[in-house]
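**Student:** Full structure from sequences and hints, please.
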Amino acid sequence: MTNTFNKDLILGAVKDAFVKLNPKVQLKNPVMFVTLVGAVFTTGYVIVDLAAGRPIAFVLQIALWLWFTVLFANFAEAVAEGRGKAQADSLKRTRTSTLARLFNNKKETKANASDLKVGDIVICETGDIIPGDGEVVEGIASVDESAITGESAPVIRESGGDRSAVTGGTRVISDRILIRITAEQGHTFLDRMIALVEGAKRQKTPNEIALSIVLSGLTIIFLLAVTTLKFFA
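Under my numbering, the first residue of the sequence shown carries the number 303, and numbering increases by one thereafter.
Everything labelled a hint here was simulated from the structure, so no lab data went into it.
In this text the structure is predicted, and so the values were computed from the model without any measurement.
The calculated lysine-lysine pairs, modelled on DSSO-like cross-linking and capped at a C-alpha distance of 27 Å, are:
id, residue 1, residue 2
1, Lys317, Lys330
2, Lys409, Lys419
3, Lys419, Lys408
4, Lys317, Lys387
5, Lys412, Lys394
6, Lys387, Lys326
7, Lys309, Lys387
8, Lys394, Lys317
9, Lys309, Lys394
10, Lys330, Lys387
11, Lys394, Lys419
Computed Cβ-Cβ distance ranges for the label pairs, DEER-style:
id, residue 1, residue 2, range
12, Phe370, Glu453, 39 to 45 Å
13, Arg465, Asn406, 22 to 28 Å
14, Val420, Gly519, 53 to 59 Å
15, Val350, Arg494, 53 to 59 Å
16, Lys387, Asn407, 38 to 44 Å
Note that beta-carbon positions come from the ideal geometry of N, C-alpha and C, so glycine has one too.
**Tutor:** Next up, the structure:
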């Protein structure tokens, strides 16, 4: 599992938080776009007041809070995106780095998991990563499927019956099984997971939508209030 506080992830998110200040990016989130506009305007007021020799403490505080709000929102979004990318990269490494013990004509040979074909028989023993989706044709073993399902408890996989299916990327934690590959590389469950993670777009919850509407209204009121303060000061 990707660590939320991974140094590279955090540094990348900090950089992306500033990159996302691009108005084209901010337009995708109306609340943050309005907040960004407010930050720019209040920063302009700070510069004007500073040049005119007027006190800037009040307006400067407002500008700093608005910039903090925008940057923090960008940072949080960048962290979420970074974690998704890291998860996809981790799954890709699992797919490409796994070696299979190919069993053919009673002989065992090493092969890359990406080279396996439907019908190939592979041997998996304690500690081995199952190289591809398949069906147990001989033996019984405990399999750790937490990398795929998130379930920490091991499951039993055995030949025959409805417990013979195994998934590539899972780990055998005891005993020995022979597996017949049933899915072409590129069409395995692991491949589908990678595609799902890479193409995932987080949908807003109803609460987030309602909050966005409220914040939009409050932001507009706030900006109008700040703007008109100058005329009544």
